[in-house]
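> Here is how the chains run, residue by residue.
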Amino acid sequence: MLIVEIAGDWLDRSSLPDLAAVQHELAHTQAKALEFDASALGHWDSALMVRILALFDLCTKAKSEFRAATLPEGLAKLIALSQAVPEKSDAVRKSTTPSFLQRVGESGLTAWTGGTSMLSFLGESVVASLKLVRGQAQFRWSDTLLVIQQCGPEALGIVGLINFLIGMILAFVGATELTQFGASIYTADLVAIASVREMACIMTGIIICGRTGAAFAAQLGTMKVNQEIEAFQTFGISSFEFLVLPRMMALVLMMPLLCLFADLIAIAGGFLVSTLMLDVSPLLYLDRTVASISLTAFLLGVFKGAFFGVIVALTGCLRGMQCGTNAAAVGQATTSAVVTGITWIIASDGIFAVICSALHI
Amino acid sequence: MSTDTNIKIEIRDLTMAYGSFVVMRDISAQVRRGEVFIIMGGSGCGKSTLLRHMIGLKRPAKGDIYYDGTPYWQSDEAVRQGKLRSFGVLFQSGALWSSMTLAENIGLVLGEYTDFPPAEIRAIAGLKLALVGLKGFEDYYPAEISGGMCKRAGLARALALDPDVLFFDEPSAGLDPISSRNLDELILQLRDSLGATFVVVTHELASIFTIGDNSVFLDPITRTMRAKGNPRELLKHSTDPAVQQFLTRGEASAHPAAQPS
Numbered sequence: 446m447l448i449v450e451i452a453g454d455w456l457d458r459s460s461l462p463d464l465a466a467v468q469h470e471l472a473h474t475q476a477k478a479l480e481f482d483a484s485a486l487g488h489w490d491s492a493l494m495v496r497i498l499a500l501f502d503l504c505t506k507a508k509s510e511f512r513a514a515t516l517p518e519g520l521a522k523l524i525a526l527s528q529a530v531p532e533k534s535d536a537v538r539k540s541t542t543p544s545f546l547q548r549v550g551e552s553g554l555t556a557w558t559g560g561t562s563m564l565s566f567l568g569e570s571v572v573a574s575l576k577l578v579r580g581q582a583q584f585r586w587s588d589t590l591l592v593i594q595q596c597g598p599e600a601l602g603i604v605g606l607i608n609f610l611i612g613m614i615l616a617f618v619g620a621t622e623l624t625q626f627g628a629s630i631y632t633a634d635l636v637a638i639a640s641v642r643e644m645a646c647i648m649t650g651i652i653i654c655g656r657t658g659a660a661f662a663a664q665l666g667t668m669k670v671n672q673e674i675e676a677f678q679t680f681g682i683s684s685f686e687f688l689v690l691p692r693m694m695a696l697v698l699m700m701p702l703l704c705l706f707a708d709l710i711a712i713a714g715g716f717l718v719s720t721l722m723l724d725v726s727p728l729l730y731l732d733r734t735v736a737s738i739s740l741t742a743f744l745l746g747v748f749k750g751a752f753f754g755v756i757v758a759l760t761g762c763l764r765g766m767q768c769g770t771n772a773a774a775v776g777q778a779t780t781s782a783v784v785t786g787i788t789w790i791i792a793s794d795g796i797f798a799v800i801c802s803a804l805h806i
Numbered sequence: 002m003s004t005d006t007n008i009k010i011e012i013r014d015l016t017m018a019y020g021s022f023v024v025m026r027d028i029s030a031q032v033r034r035g036e037v038f039i040i041m042g043g044s045g046c047g048k049s050t051l052l053r054h055m056i057g058l059k060r061p062a063k064g065d066i067y068y069d070g071t072p073y074w075q076s077d078e079a080v081r082q083g084k085l086r087s088f089g090v091l092f093q094s095g096a097l098w099s100s101m102t103l104a105e106n107i108g109l110v111l112g113e114y115t116d117f118p119p120a121e122i123r124a125i126a127g128l129k130l131a132l133v134g135l136k137g138f139e140d141y142y143p144a145e146i147s148g149g150m151c152k153r154a155g156l157a158r159a160l161a162l163d164p165d166v167l168f169f170d171e172p173s174a175g176l177d178p179i180s181s182r183n184l185d186e187l188i189l190q191l192r193d194s195l196g197a198t199f200v201v202v203t204h205e206l207a208s209i210f211t212i213g214d215n216s217v218f219l220d221p222i223t224r225t226m227r228a229k230g231n232p233r234e235l236l237k238h239s240t241d242p243a244v245q246q247f248l249t250r251g252e253a254s255a256h257p258a259a260q261p262s
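Chains as they are written, first to last, in the working numbering: chain A, 446 to 806; chain B, 2 to 262.
Calculated from the structure, these hints are not laboratory results.
The list that follows gives simulated cross-link-like pairs (lysine to aspartate or glutamate, EDC-like), each with its CA atoms no further than 20 Å apart: (1) K576/A to D588/A; (2) K84/B to E675/A; (3) K576/A to E78/B; (4) K576/A to E113/B; (5) K59/B to E675/A.
One side of the interface only, derived from the structure: several residues of chain A facing chain B at Cβ under 10 Å: (6) T667; (7) M668; (8) N671; (9) I674; (10) A676; (11) F677.
Over 12 Å on every C-beta distance to chain B, these chain A residues come out as not near it, computed from the model: (12) I448; (13) G453; (14) A466; (15) W489; (16) S509; (17) S527; (18) S562; (19) E599; (20) A639; (21) V718; (22) L721; (23) P727; (24) V735; (25) W789; (26) I796; (27) A803.
Here a beta-carbon is modelled for each residue, glycine too, at the ideal position from N, C-alpha and C.
Start from the sequences and build out the full structure, keeping to the hints where you can.
Right under this line is the structure:
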């Protein structure tokens, strides 16, 4: 028989005695039973419990009797309680490392289901848009107007600030190079063409994606968590038409206007830098600007803006609708909405550039 | 197929699964018109999952649910939409649309399926709220009222279209004993006055015995149903120890009559 003596206060959280000595003794002496002498035991907490449970496991392994009765009453009861319900062996999570092939297969399947769900979402959006055109879609105009206000007028400040800075940066960079050739007046062309064709719509798309796309994903994700989306389903109301359609409409309507605003502000930024720092006459600058912007370039920028609006609305709503049912999932949905949105905006802008150069626009 | 026209809902050979994981298999039960049907069982046994199958949120792995003799999942989309219109569902936390006031929540459903003018819709929404004791809260948002009130408002919304079948997911969860009892009373009053059929997921014994006419007991260990019938009868006559234990809060385990024969 082996007697373990426990003494003093067991409140020290930093160091616990090693059980190797007991294990060694049990193995060596082949003791039939393990008893405790706790006469000098002071205060104790769960740390002691854990040690004693570890001793219990050692005893089971060494096939010695664990005499819990020799422990103080409170401890013995707690130990008995912790052993009362047997461990549910199939409930314990096993962390297995999947093989390489398994991981490749799993990520392939994930990518496949992700792709198909994106396509079916896209299909649903086409069907819903057709229903909208025929006036059969179920949604509320009041929701649409609210979203319009949130993603349009309320975004003017940040869209203006960023595009003003972009216009200034373009002018600075352009002017530094162009002055070397004595062509600083062409800074006006550079700023105008770059912002109207590309920068204004891309920057606005990215800002709206981070601002409104994230908001869509978080809103719809939270609705998913609260079973609000399921409530739509059980009432036979299409959650797609009711939630996604107003958001898509709002962005398609607002993005071209925001792009137009961004064009003006970016040109104003370039104007400020050029006239104040490069001694370009204001009238000449405006003249060059007007001369350099073609209607095609302008329409292309505005059209791309509307297209990016659809991307932001779809990715935001898609990730929101796909959201899991807990708080962390809402965060993931929001992150994923912004990442997917920005990726698609940049990628589709590249595709636009290729198409435009092929068509000589 | 049953020829008894009094059968409102029939669950036939239903197997529920998430992917390859079978939650419950071979569930069959019949619910007569005007009954309160209880889905009971311990936590995590698939009660809510069964409810989700019944209200069209999850497709069964096998079997089907028949409403008035028509299968739900084998029918096409239009028939299913039609069926949904005759359902009212009260979700566990109410699931009110949080961006709308209580009156708008009810009004939205009415607006989708009726051609009433706005004033009329508001009047009906007010009536439904009055039925659940929330008169005067028409213009409150769900976040501004208590959990128990949300649940009652959810019930008002479920009643909006005068449904034939009302589904409740754990109506008493999170309610104090008195509110919970009031909700039970309300369910009984609604059954008597509307003649609707009720399906209630719960594990509250008090509720089960107060409102239940019929029930099914799901057992997570055997992954199928262990018993069905009137819960009071089950308490008296069931010889299944698991059912007895559940219906007596485990006190029957020492009772000799409850041992399997």
